[in-house]
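Could you put together the complete structure from these sequences and hints?
Here is what each chain is made of, one letter per residue.
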Amino acid sequence: MKRIKSRDVYAMLEYYGIKKRINAIFFVTEGGKVFMIPKYIDVPAKIYSLGLCIGKIEKEGFRFTIEGAQIFYNLATKQILELNDEQLYDWVRGINTKVNVKDGYYILKYKDDIVGGGKVKNGVLWNFVKKNRRIKKL
Amino acid sequence: MKHIEELGYGTDWINKRLYDSIRVNTIKIDPLTLKQRLESQGWILEQLPWYSYGFIVKNRTTELGNTLEHFLGYYYSQSVSSMIPVLALEPKGLILDMAAAPGGKTSQIAQHSGDLIIANDVNNARLNILAANLQRLGVSNVIITRKPGQNFHKTSIKFDRVLLDAPCSSLGTAMHNPRVLKQWSPKFSAKLSKLQKAMAESAFLSLKKGGILVYSTCTITVEENEEIINHLISLGAKVEDINLDIPHHEGITDYKGKHYDNSISKCWRIHPDDLESEGFFIARLRR
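These protein sequence lines map, in sequence, to chains U and R.
When you read off a place in the first sequence, starting at 1, and then add 1, the result is the number in this note's numbering.
When you read off a place in the second sequence, starting at 1, and then add 41, the result is the number in this note's numbering.
Don't read these hints as lab results, they were simulated from the structure.
These figures come from a predicted structure and were not determined experimentally.
Treat the hints with care, as some may be off.
[Stated by the list, open to error] For the chain U half of the interface with chain R, some residues (derived, Cβ under 7 Å), not all of them:
(1) I48
(2) G52
(3) L53
(4) I58
(5) E68
(6) Y90
All residues carry an ideal CB built from backbone N, CA and C; glycine is no exception.
What follows is the structure in structure tokens.
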């Protein structure tokens with residue numbers, strides 16, 4: 002895991018219309034996962050993880066995690082996708098679901114809740130909810 | 042069972058069915074909003090009189106982990122007694138949670154303090170669970186480390202607060218985990234006591250001067266509780282009062298012909314009947 006400049010992170014977040022900054026330090030893994038921590042010290046121990054994973058840098062853009070979407074939603078002005086009951090039900094169960102928006106990355110909203118960050122391709126919202134977090138039946 | 046009765050706990054509680062309880066994750070939602078949401082789905086929640094984030098679940102319509110609210114990280118399933126150590130810690134400054142997995146107390150610390158937390162554990166499988174829980178609960182002010190707790194003092198960092206919720210024989214959880222009664226033996230407690238002593242010593246030595254250590258377990262044996270605190274006192278630790286208005290019993294100072302430091306009476310033993318929850322031991326010490 003290595004430091005990544007805030008300006009590089011916010012350059013990616015501009016896609017969501019995010020201009021205002023949160024005071025934090027960012028790290029990125031080799032796999033492109035971005036972690037955010039309000040402050041950092043060197044700890045002479047094996048670091049397993051640090052801060053909160055807010056998203057992943059992918060080939061075509063930045064995809065928020067559920068927590069990343071919840072934190073940055075208030076700062077975002079675009080790329081927000083409202084899910085209906087059926088789509089939410091698929092989302093929490095880890096199932097890809099059909100949506101009617103153009104390709105891209107979205108912050109997913111259901112009623113008043115921010116439920117994640119997703120990628121849409123060819124009318125399908127790809128599901129990235131981890132297996133251990135999925136709900137079998139709502 | 043004899044060892045449980047000797048400590049004055051009785052045994053009726055072992056067969057008691059307890060209500061579930063949850064802690065509202067105020068990093069993401071406020072207690073009233075969550076209560077209203079869950080109650081609109083048929084749940085009945087009773088707020089703890091001494092902790093506004095804690096609720097007893099008197100009725101629920103599905104499993105605790107099977108709601109949208111749980112999926113979104115709005116609450117954490119946590120026993121009532123296990124919410125107390127973090128309150129006794131009064132977290133602030135640089136904080137070490139030495140045996141942090143599965144992360145319930147770490148996330149509770151994060152609710153009460155935005156300061157940096159080092160959440161440590163030693164086993165990869167447990168660290169995975171810890172990381173997943175802290176992610177779901179939206180905890181950002183944390184560095185997760187992997188190091189045997191008993192060696193943590195060898196790092197150069199000194200902490201304002203250390204929580205050691207030590208690995209233990211878990212006898213206080215016998216009501217929903219009866220196998221702990223079968224696996225318990227004096228030898229088992231003695232083995233754990235040795236590890237706990239080493240971890241507690243390291244936790245104490247990891248404190249800044251004037252820093253606070255909270256030592257807790259979910260077991261009831263003296264060997265894993267008062268014995269450890271007595272050892273810390275011999276290293277210069279001062280036992281402090283826990284200034285919370287919660288039903289409890291005092292720490293034991295005389296046991297099987299052995300006398301422990303009188304200040305150990307300031308430690309808390311939570312009997313299952315005190316809170317209709319797990320048995321717990323909590324001590325607050327200052328370096």
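Status of each hint after checking the structure:
Proximity of I48 of chain U to chain R holds as hinted, the smallest CB-CB distance being about 6 Å (cut-off 7 Å). Evaluation of the G52 of chain U hint against chain R yields a held restraint, the C-beta minimum of about 5 Å falling below 7 Å. Checking L53 of chain U against chain R: minimum C-beta separation of about 4 Å stays under 7 Å; hint holds. Checking I58 of chain U against chain R: minimum C-beta separation of about 18 Å lies over 7 Å; hint violated.
For the restraint placing E68 of chain U at the interface with chain R, the shortest Cβ-Cβ distance is roughly 5 Å, inside the 7 Å limit, so the hint holds. A hinted interface residue such as Y90 of chain U counts as satisfied when its beta carbon comes closer than 7 Å to some beta carbon of chain R; here the least separation is about 10 Å, so the hint is violated.
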